[in-house]
Amino acid sequence: MADASSMAEPVVFQGVHASLPHDSALRHVSGAAIYVDDLPEPADLLHVHLGMSKRAHARIVSMDLTAVRASPGVVAVLTAADIPGENDVSPVIHDDRLFADGEVVCVGQSLFAVAATSIAAARAAAAKAVVEYEDLPAAISIGQARAADLKIEASQRMARGDAAAALAASPRRLQGTMAIGGQDHFYLEGQVALATPREGGDVHVWSSTQHPSEVQHLIARVLAVPHTAVTVEVRRMGGGFGGKETQASLFAAAASLVAVRTGRPAKCRPDRDEDMIMTGKRHDFEVAYDVGFDDEGRLTGLSLELASRCGSTTDLSPAINDRAMFHADNCYFLPAVEILSHRFRTHTVSNTAFRGFGGPQGMAAIERVMDAVAQATGLDPLEVRLRNLYGGEGRNLTPYQQTVEDNVAPQLLAELAASCDYQARLAAIDAYNARSPVLKKGLALTPVKFGISFTTTHLNQAGALIHLYADGSILLNHGGTEMGQGLFVKVAQIVAEAFQVPVDRVKVTSTVTDKVPNTSATAASSGTDLNGMAALNAANAIKARLVEFAARKWGCAEDEVVFAPEGVRAGATLVSFAELCRQAHMGRVSLSSTGYYATPKIHYDRATHTGRPFYYFAYGAACSEVVVDTLTGEMKVTRADILHDAGRSLNPAIDLGQIEGGFVQGMGWLTTEELVFGADGRLLTHAPSTYKIPTCGDRPDVMNIRLWEPGRNVEATVHRSKAVGEPPLMLALSVLSAINRAVASATHHKVFPNLDAPATPERILMAVEDVKRRAAELGA
Amino acid sequence: MGQTVRFLLNGQVVEARGVDPTRTLLEHLRGELRRTGTKEGCAEGDCGSCTVLVGELNDEGTAAWRAVNSCIQFVPMLDGKAVITVEGLAGDTLHPVQAAMVEHHGSQCGFCTPGIVMSLYGRAVAAKGADAPVNEVLAGNLCRCTGYGPIIAAAEAIPAEAAPDVAAALAPLRRDEALSLAYEDPIAGQARRWMAPRNVEELAAAYANHPDAVIVAGATDIGLWVTKQRRPLETLIDIGRVEDLKRIEAVDGGLRIGAGVRYVDAVDSLAALYPDLGKMMRRLGSTQVRNSGTIGGNIANGSPIGDMPPALIAAGATLVLRRGDERRELPLEAFFIDYGKQDRAPGEFVEAVIVPPPGPDLLFKVFKLSKRFDQDISAICGAFAIEIRDEVVASARIAFGGMAGTPRRATACEAALVGRLWNPTTIKTAVEALAGDFTPLSDARASAAYRALTAGNMLRKAYIESARPDLETRVPEAAHG
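Residue numbers (our numbering), protein chains in the order written: chain A, 1 to 780; chain B, 781 to 1261.
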């Protein structure tokens, strides 16, 4: 039975590998995309504001909330004593209080919740709290925590070979240090949750979170109810970047507690300043390296010490710092290596996941080592990098004993160096610098190799749910959340491809914990790999039933049933997809299925820091050119060329968007984005007036971004694609290297600059002054 | 209870009755009016997610449109004006701005997108239209996802179009009397009053009667007193309706700029006199901020880090203060007495600033230093007006912001220059003298050491630029668009 309408016109099929727009693009541009704070507010909605600690570390002697309760519009004031379950909103270690109980461990820590008829009333009320503190010794900086030996866990050691012996035997050797600043996520939509009480003590929560399951589980724990009593839903986030993985729970739990205690819906939406003060950030690091090498710039041994500021609680810091160690090799074979990682506890907000998850800091360290070795040997930094790449007999084992089996870095670097005209520009820049006393230019080409998988192995699983309706429309649900990265359209493309239907036939729906349970966070760049495969498995399960049905109904072999853009062929019969669905329903075939996926091959032993934590690696390379002003330290990135391996891209437009966005975000981390804490532990940069993410003009005027055409995942990922969320952020390390090189040119590369990140104008100028001083001391 | 604020929202008249005069347009749009397409990203005018277009009738009776940050516009400021939000753009199909954003993959998370769409729409309908540099138009719209490339591509594909004609629709909203609002704040437990005099006489009278009132011009600073400091203000006088204060007049080759003149309306005139000042002004705030904020406000609030005062002090500007019918003039630098303290009597207000023209031998340089090039408050802003005749420094006016509790002249440095040869030796001496002029502080924007070093380096750079005009001395500005 042929469907005339589908046969009348030629069908231009667009499934996977097509550059389709973001699933919500039309809604974004017309203001019709609904974020949590845009939802219609119920008439009896309460607004929740959290009272915050003003001290970094103190015992709470007393907390008098009488005036808060009496303030106009206040309906409820809740403290730790009002929590029916566990007073904890932490992901792993049970050390994040919902409300402080006796002691505060950072400025901005939540003390109590005020629920009032307006947010203005709630805020005004909270300001009337009388809290008496008895200050305790506080460690704000890494240095202070180091001196006090405060750690969130024991220092970790990852080693292969005998680094000390190799260093001792090295022909050449040098040491250095580097500080790397943290970063605020600055998602444009701040944290927000809207909780609505349901019958029987249940609660439904709209949350802006990358991890609805965890938010659900933590609310259940706070309320002392089973997971089934809590439903958490997310349609979209206005940006996440890791900042809504664990950090959403506090606000969702506070709103839920208010909703359940008062029987009224409750919204908790901190404003920008409160958000930045109360939520964790990228870890800042202090790095010390001791590297051995030969005259050809080849590394012989490396001892690396990584120290990070974890903040006041554990959060995800163990895994984040592990990932810093995992990426301290980047693309380079380290013949003998020891990486020591110290995870310092400070009395500042607990640092958390942020795109790259520690990887960027580890990678920054080894890239600095490469630059230092280049300067010491007088070789071009790119040449040093090329000589140290993985590859060749006995040169493919990582410090954690995983063999690199998919190394494409040599090809990527060679192709990019050629396409961006690296050598000629290097010469042109040297000539420019020789005649330009004020402005100095720098050029650097750096690679990225990023391990894909959660290093906590059990997190590498996902579920999906697909319903086919009898009219042929498809409802798609999975555990992944949409934060702008284009996950929803990619997974919809995968499903559309499976059924060979237009992608607009596939309705992507809110991520919600009562459709797909026990999900992992949408994090670690894994969203598409995991959820796309789970959705494909669900689609294939239904497809198998449809094939069996069609073969039976239209009398052909099952391998004669083919899904095609023009419809479904069963032997000589062609039916539209919708007709097949209708017929299958009439034929009593289940048109709904779950799908499940668990990443194969991976395993890891954290005790020895060995194993195969990563299913595969994603690669990229970037070349950045900068110009710095040696009188003011001002800097501009004038050109960036990027070649990135997204495997066989599921959606080139989306992937290019991730690459450019990641690069610019990484550039912000390494240049203008500076978090400043006062000596008393207060964050001084808590709004865009003082915390400066890149703006339009910071984007390099010339930006050539290409996907690496031959890219195919050697592993059996969904359509041989590769994860692309985090890796591009680290392409921006080329910017830091280029700046460092421009600074070095101020004294003709006689001395190596110790430029810390972020390379603000001030740091750049001080580095220029420093190299001038040191070059003069050398008697130049 | 005073009057009702009326404005045009996407072509329809809306009324705000009994509104808190310090309620922001953004809160009103998202709350009472349920237009949630406009987003709150920061509530301080720094991210642009809340960008809307405001149209008001000009002298010719046609509407002029400006993109503004609705998060720091108070509702009464919109009285009699037209507002277009993102919901007002699309008809049966997407507006070309929206279509271009979709086609070029200009949105990812989508949260900043409505603001970006409105900024680009503002560019399309502005007098300069699609000629306005994209970077200048978008510097006030932060996007954390895209890296901006797709948005720039979309912007470059959008043609100019005619501005919507709302003259007839606005006519019935004209008032015969000054807007006056009264409100009881139930949370703060206090009365609040809003007055919007229509001429300078009414303003002078109102301020004389209420010398404790807060004068609001563009609200780019006062808005934050409410949204950030949560100050319950009592009496506010809106000078946005005082046409006399919005004039720029040519005086003796220079300019007399009324206190209510917005940056956007003054930048071309000032740039014609002092090109470096024009360059600095295009980096001051953002398009949205310059479309609202006034030069008078930047002076009157007495901030130590305002960018206009050092530049205008160097240029030799004079301030006109008025109380009742009395006027007095004083050199701009004399207005700034100490941190938070200006030479202004109760009831006295800034009426105008007079900017003289540059002399023929004047070297005029302004350097604005901030962590981020665009839309960032200066760590330090230095302005140099140096007259050089026959290679000798005839006069020097050098002023800095960010180096002290007030914008201030570097008198020791000036003295070290005047009468000396304009050469490296003199510069070296003058830089040493400059160290004695200021004791800068360290804060989140910069350290004292950096401020001290760069203040001197700015003078060095001014010299290099005059002696070696062949050299490149400034990092390039963004070229796209």
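There's no promise every hint is true.
[Unchecked claim] Reference listing, derived: stretches of chain B covered by chain A, where coverage requires no fewer than 3 residues with Cβ under 8 Å from a Cβ of chain A: (1) 900 to 912; (2) 972 to 982; (3) 1137 to 1143; (4) 1223 to 1236.
[As the list claims (entries may be wrong)] Just so you have them, the derived chain B footprint on chain A, three or more residues with Cβ under 8 Å: (5) 34 to 45; (6) 103 to 111; (7) 118 to 129; (8) 681 to 691.
I should point out that these hints are in silico values taken from the structure, not numbers from a laboratory. Please read all numbers here as calculations on a predicted model, not as lab measurements. Here a beta-carbon is modelled for each residue, glycine too, at the ideal position from N, C-alpha and C.
Against the structure, the hints:
Under the rule that three or more residues need a Cβ within less than 8 Å of chain A, the assignment of the region 900 to 912 of chain B is violated, with 0 such residues. Check on the region 972 to 982 of chain B: 0 of its residues sit with their Cβ under 8 Å from a Cβ of chain A, so the three-residue criterion for coverage is violated. Given a C-beta distance limit of less than 8 Å, the hint that chain A covers the region 1137 to 1143 of chain B is violated, as 0 residues qualify and 3 are needed. Taking a C-beta to C-beta cut-off of 8 Å, the region 1223 to 1236 of chain B contributes 9 residues in contact with chain A, enough for the three needed, and the coverage statement holds.
For the region 34 to 45 of chain A, the assignment as covered by chain B holds, since 5 residues bring a beta-carbon within under 8 Å of that chain's beta-carbons and 3 suffice. Counting residues of the region 103 to 111 of chain A whose C-beta lies closer than 8 Å to any C-beta of chain B gives 0; at least three are required, and the coverage claim is violated. With a threshold of 8 Å between beta carbons, the proposed coverage of the region 118 to 129 of chain A by chain B holds, since 5 of its residues qualify and at least three are required. Counting residues of the region 681 to 691 of chain A whose beta carbon lies closer than 8 Å to any beta carbon of chain B gives 6, which reaches the threshold of three, so the coverage claim holds.
This entry does not satisfy hints 1, 2, 3, 6, going by the numbered hints stated previously.
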